[in-house]
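Trainee: Chain residues, written in single-letter form:
Number of protein chains: 2
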Amino acid sequence: MRYGKGFLAMLIFDYMEKYDYENLYFCQDKATGLKAVIALHDTTLGPATGGCRMWTYDREEDAIEDALRLARGMTYKYAAAGVNLGGGKAVIIGDPKTQKSEALFRALGRFINILNGRYITGEDVGTTLEDMEYIRMETPYVVTLPEHLGGAGPISPYTAFGTIQALKAAHKHLFGTDSLAGRRVAVQGVGSVGYHVVELLAKEGANLVITDIDLEKAKAVAAKFGAETVAPDKIYEVDCDIFSPCALGAVINDETIPLLKCKIVAGCANNQLKEARHGDLLEEKGIFYVPDYIANAGGTIYDTDRLMYGQHNKERAARNVARIYQTMEAIIRIAKEENIPTYQAADRYAERRIGEIRKVKNI
Amino acid sequence: MRYGKGFLAMLIFDYMEKYDYENLYFCQDKATGLKAVIALHDTTLGPATGGCRMWTYDREEDAIEDALRLARGMTYKYAAAGVNLGGGKAVIIGDPKTQKSEALFRALGRFINILNGRYITGEDVGTTLEDMEYIRMETPYVVTLPEHLGGAGPISPYTAFGTIQALKAAHKHLFGTDSLAGRRVAVQGVGSVGYHVVELLAKEGANLVITDIDLEKAKAVAAKFGAETVAPDKIYEVDCDIFSPCALGAVINDETIPLLKCKIVAGCANNQLKEARHGDLLEEKGIFYVPDYIANAGGTIYDTDRLMYGQHNKERAARNVARIYQTMEAIIRIAKEENIPTYQAADRYAERRIGEIRKVKNI
Chain L
1057 MRYGKGFLAM LIFDYMEKYD YENLYFCQDK ATGLKAVIAL HDTTLGPATG GCRMWTYDRE
1117 EDAIEDALRL ARGMTYKYAA AGVNLGGGKA VIIGDPKTQK SEALFRALGR FINILNGRYI
1177 TGEDVGTTLE DMEYIRMETP YVVTLPEHLG GAGPISPYTA FGTIQALKAA HKHLFGTDSL
1237 AGRRVAVQGV GSVGYHVVEL LAKEGANLVI TDIDLEKAKA VAAKFGAETV APDKIYEVDC
1297 DIFSPCALGA VINDETIPLL KCKIVAGCAN NQLKEARHGD LLEEKGIFYV PDYIANAGGT
1357 IYDTDRLMYG QHNKERAARN VARIYQTMEA IIRIAKEENI PTYQAADRYA ERRIGEIRKV
1417 KNI
Chain V
1057 MRYGKGFLAM LIFDYMEKYD YENLYFCQDK ATGLKAVIAL HDTTLGPATG GCRMWTYDRE
1117 EDAIEDALRL ARGMTYKYAA AGVNLGGGKA VIIGDPKTQK SEALFRALGR FINILNGRYI
1177 TGEDVGTTLE DMEYIRMETP YVVTLPEHLG GAGPISPYTA FGTIQALKAA HKHLFGTDSL
1237 AGRRVAVQGV GSVGYHVVEL LAKEGANLVI TDIDLEKAKA VAAKFGAETV APDKIYEVDC
1297 DIFSPCALGA VINDETIPLL KCKIVAGCAN NQLKEARHGD LLEEKGIFYV PDYIANAGGT
1357 IYDTDRLMYG QHNKERAARN VARIYQTMEA IIRIAKEENI PTYQAADRYA ERRIGEIRKV
1417 KNI
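Residue numbers (my numbering), protein chains in the order written: chain L, 1057 to 1419; chain V, 1057 to 1419.
Honestly, the hints are just simulated from the structure, not real lab data.
A quick note: this is a predicted structure, and the numbers were derived from the prediction, not measured.
One or more hints might be untrue.
Any copy, or any two copies together, can satisfy a pair, since identical chains are not distinguished.
[Stated by the list, open to error] Under the rule of at most 25 Å between Cα atoms (straight-line distance), these lysine-lysine pairs were calculated in the DSS-like manner:
| no. | residue 1 | residue 2 |
| --- | --- | --- |
| 1 | K1319 | K1224 |
| 2 | K1417 | K1086 |
| 3 | K1074 | K1224 |
| 4 | K1074 | K1156 |
| 5 | K1156 | K1259 |
| 6 | K1341 | K1290 |
| 7 | K1086 | K1415 |
| 8 | K1417 | K1074 |
| 9 | K1224 | K1153 |
| 10 | K1341 | K1074 |
| 11 | K1259 | K1330 |
| 12 | K1415 | K1317 |
| 13 | K1153 | K1370 |
| 14 | K1330 | K1074 |
| 15 | K1259 | K1319 |
| 16 | K1330 | K1392 |
| 17 | K1319 | K1392 |
| 18 | K1153 | K1280 |
| 19 | K1259 | K1228 |
| 20 | K1086 | K1074 |
Only chain L is shown next, with the shape it has when bound in the complex (with noise of 0.2 Å):
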C-alpha cells in the first residue's frame, strides 16, 4: 500500500516490517457501520493493551496510521513502565458525536473477542466507560472500566503522582535533593491530571505559576493553592525552575525552546517533544528532559494492575506507580554511561527489557 504522503507513504508490510510490527486486524460489520483497526505491535512482554481511539479520519490511511502509531508507543510506555503488557492500540473510523451504538460497540467487543486476549482494550479520545461497558458485554479484554465491573477507578491521581516521582529522580539528579520546597514551577494546564499535580506540588511545598485555556479555572486553582497564574502564552517564558507541560502535545518546538528559563521539563502531556531533534535541542540549551511517557505512566501503571494481579488493588497499584522513581533513575543512568539525550535513553531501557524478555521466552 502507497499512501500519497506522510509516514505510511510506503507499503503496509514495508511499514511493519521496519517497526516489526506483528499484526493489523481491519474490522468489518456491515449491519452496525463498524469499521475498526486494531494495531498488535510487539506482544513479548504480554498482551497488546491499549485504548480504542474513535474519530472521524478522513483518510482511511490516517486511521491506519494512527492506530499503528499510537501502538508502537504504547509498547514502549509498558516496557518502561515495568508493566508486563505490549502494544496495541485500536481506532474507530466514525463520529464519536452521531455514530456511536451499543450494537457497533458490541461488534467490536467480539472481533475483540476472536482475539483471545492478544489484544486488551480501553478507554481513549471519543470513547468512554459507557462504550467500555459495551465492549465487555461481549469480551472479557478490557482494562478501562466502571468500579462495579473491576476498574480500578479516578486514574489521574496517580497519573500525576508518577510524574512527581520523575520530576523527583531528575531534581535528585541535578540539584542532589528529592525536596521541591521552594522550587518554582510552572505548570501548562489544569485539567484533571494538570489539577493533581499543582495540588502534590503545592503539598511539597514548591511555588507555583499556572495556567490553562481556561484561565479562570486556572484562577481558582490558583487561589485554592496559593499559585500565581500567568496567561496561556506566557507560560513558556515565565523565570521558574521546573516547566510541567500537562495538556497540549508538541509544546517543545522551535518556537518554544528559545523562551524556555527552567532546567528540567517534566509534565504529564503526551508527545511533548515536537520532533525528536527538539530532545536534542533541550540538551544542548542545557535543560533536563523527563521523557513524557515515563513522566504520565503512573495511569498506565495503576489502571493495569488487575490484568497483572487479576483484581485490582489499589495499594499495590500505587506502590508499582512510586517506581517510575527509581525507573527515571535507571534511565538517567543510560543517558550518563551513553552520552545520550534522556528520550533516546528512556527508548533504550524500554527496548533493552523487551530484548531481555524475548531471550528468557525463547529459551
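Based on these hints, arrange chain V on the given structure of chain L.
Mentor: Leaving out everything else, chain V in the frame of chain L:
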C-alpha cells in the same frame, strides 16, 4: 487505501463493506521474513476456512486482492455445498521455491492460532502437505493434513465424483436420464482430478475425447480408457454433448464460446467463466452451464468432513459428496423459477442458505 488500478482501486474498508467482509488480518514476523494476509469473509455458517497460498506477488495490493477475492469464493462454495464453514483464505507473500522454512510456517501457525479457530487453513497453490505439518505444530486449525495426522488422504477422486454428480443432475434435467452412456464428452485436462473424471465417465459408458497440455499423457490416459485425443487448442470445437473443463480457468470466454458445440459445460476447473457475462452468453447460446464451484466442491466436502464431525469418515464424507446431485437440482429449480442463468442461481442458493442461518443465529 486507494490502489492504482484493478478491483481494489478503492479503500480497503469500502471494499470490505461492499461485499461484507468481517476481517482482514496482516501478519508480519521479521525474524522469519513472514508477510501474510488472512481474509475472513463471512463466518455465519462456521469458521472461515480456506487454503494458504504462497506466491511472489509483484504488488502488496495483489496479495490483498487475492486473499479477499478467494475468501469470498470459499464462502459461496461452502454455503452451496452444505458445509458448515465460512469463507477464508491466507496468502503468504514470498517465493515458494526459495523462501520457505519451518520457522516461517510455524510463525504463520502461531498467528493463525491467535484467531482461536475463527480461521482454518489448508493446502493451496504454492504450499504442500509438509508445510501444513509445520503449521500444525503451532495450531490445530489446519484442515489439509497427511493421513497420519488425521487428514482425509487423496481427495482428487472425490472432487471428480462430485463433478459427475453435478453433471448427472444437469443431464437428467436436459435429457430426462442420469445415464451418461453413449454421451460424447470432451474433457480438457487429465491431471489429478481430470484423470478421475475420465475414469468415472468411462465407467458410465461415455464416449470420450480428451486432451491435455501434455499430449503424451493424454494419449496414455486415452489408451487406458478407450478415448480419442485431440490437440489442446482443438478441444473447444469437438462435436460433443458435454464439454468438461478440468484444467485452466477462464476457458469460457469470447474466443471459445463461438466454437462450442456441446449442450452442457460441466468440469472441475476453477473460475471457468472469464467474466460473469460469459455465463449469460452460454445461456443465450442454449448451453447449460454447471457452475464451477458446485461441480468441484466434492474435494472440499470430503476434506472438511473431520471439521464437521471430529474424525474423518470416508463413507460419510463420500455420501455428502454425492449430495451435490441434489444441490444441483435445487439450483436448476431456482434458475427456472427466477429465470436467471445457473451461475447466478448458484450464488442465490448460497446466499439464501447464509441468510436463513443468520436468522437462526439471531434468535
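Trainee: Next step is simple, just say for each hint if it's right about the structure.
Mentor: Here's how the hints hold up against the structure:
{"no.": "1", "hint": "K1319 x K1224", "verdict": "within (13 Å within a copy, 87 Å between copies)"}
{"no.": "2", "hint": "K1417 x K1086", "verdict": "between (40 Å within a copy, 17 Å between copies)"}
{"no.": "3", "hint": "K1074 x K1224", "verdict": "neither (36 Å within a copy, 55 Å between copies)"}
{"no.": "4", "hint": "K1074 x K1156", "verdict": "between (35 Å within a copy, 21 Å between copies)"}
{"no.": "5", "hint": "K1156 x K1259", "verdict": "neither (42 Å within a copy, 63 Å between copies)"}
{"no.": "6", "hint": "K1341 x K1290", "verdict": "within (20 Å within a copy, 83 Å between copies)"}
{"no.": "7", "hint": "K1086 x K1415", "verdict": "between (43 Å within a copy, 16 Å between copies)"}
{"no.": "8", "hint": "K1417 x K1074", "verdict": "within (22 Å within a copy, 42 Å between copies)"}
{"no.": "9", "hint": "K1224 x K1153", "verdict": "neither (40 Å within a copy, 58 Å between copies)"}
{"no.": "10", "hint": "K1341 x K1074", "verdict": "neither (32 Å within a copy, 55 Å between copies)"}
{"no.": "11", "hint": "K1259 x K1330", "verdict": "neither (31 Å within a copy, 77 Å between copies)"}
{"no.": "12", "hint": "K1415 x K1317", "verdict": "neither (44 Å within a copy, 68 Å between copies)"}
{"no.": "13", "hint": "K1153 x K1370", "verdict": "neither (33 Å within a copy, 56 Å between copies)"}
{"no.": "14", "hint": "K1330 x K1074", "verdict": "within (22 Å within a copy, 39 Å between copies)"}
{"no.": "15", "hint": "K1259 x K1319", "verdict": "within (21 Å within a copy, 93 Å between copies)"}
{"no.": "16", "hint": "K1330 x K1392", "verdict": "within (24 Å within a copy, 67 Å between copies)"}
{"no.": "17", "hint": "K1319 x K1392", "verdict": "within (17 Å within a copy, 84 Å between copies)"}
{"no.": "18", "hint": "K1153 x K1280", "verdict": "neither (34 Å within a copy, 73 Å between copies)"}
{"no.": "19", "hint": "K1259 x K1228", "verdict": "within (18 Å within a copy, 92 Å between copies)"}
{"no.": "20", "hint": "K1086 x K1074", "verdict": "between (33 Å within a copy, 8 Å between copies)"}
Hint compliance for this structure: hints 3, 5, 9, 10, 11, 12, 13, 18 are not met, and every other hint is.
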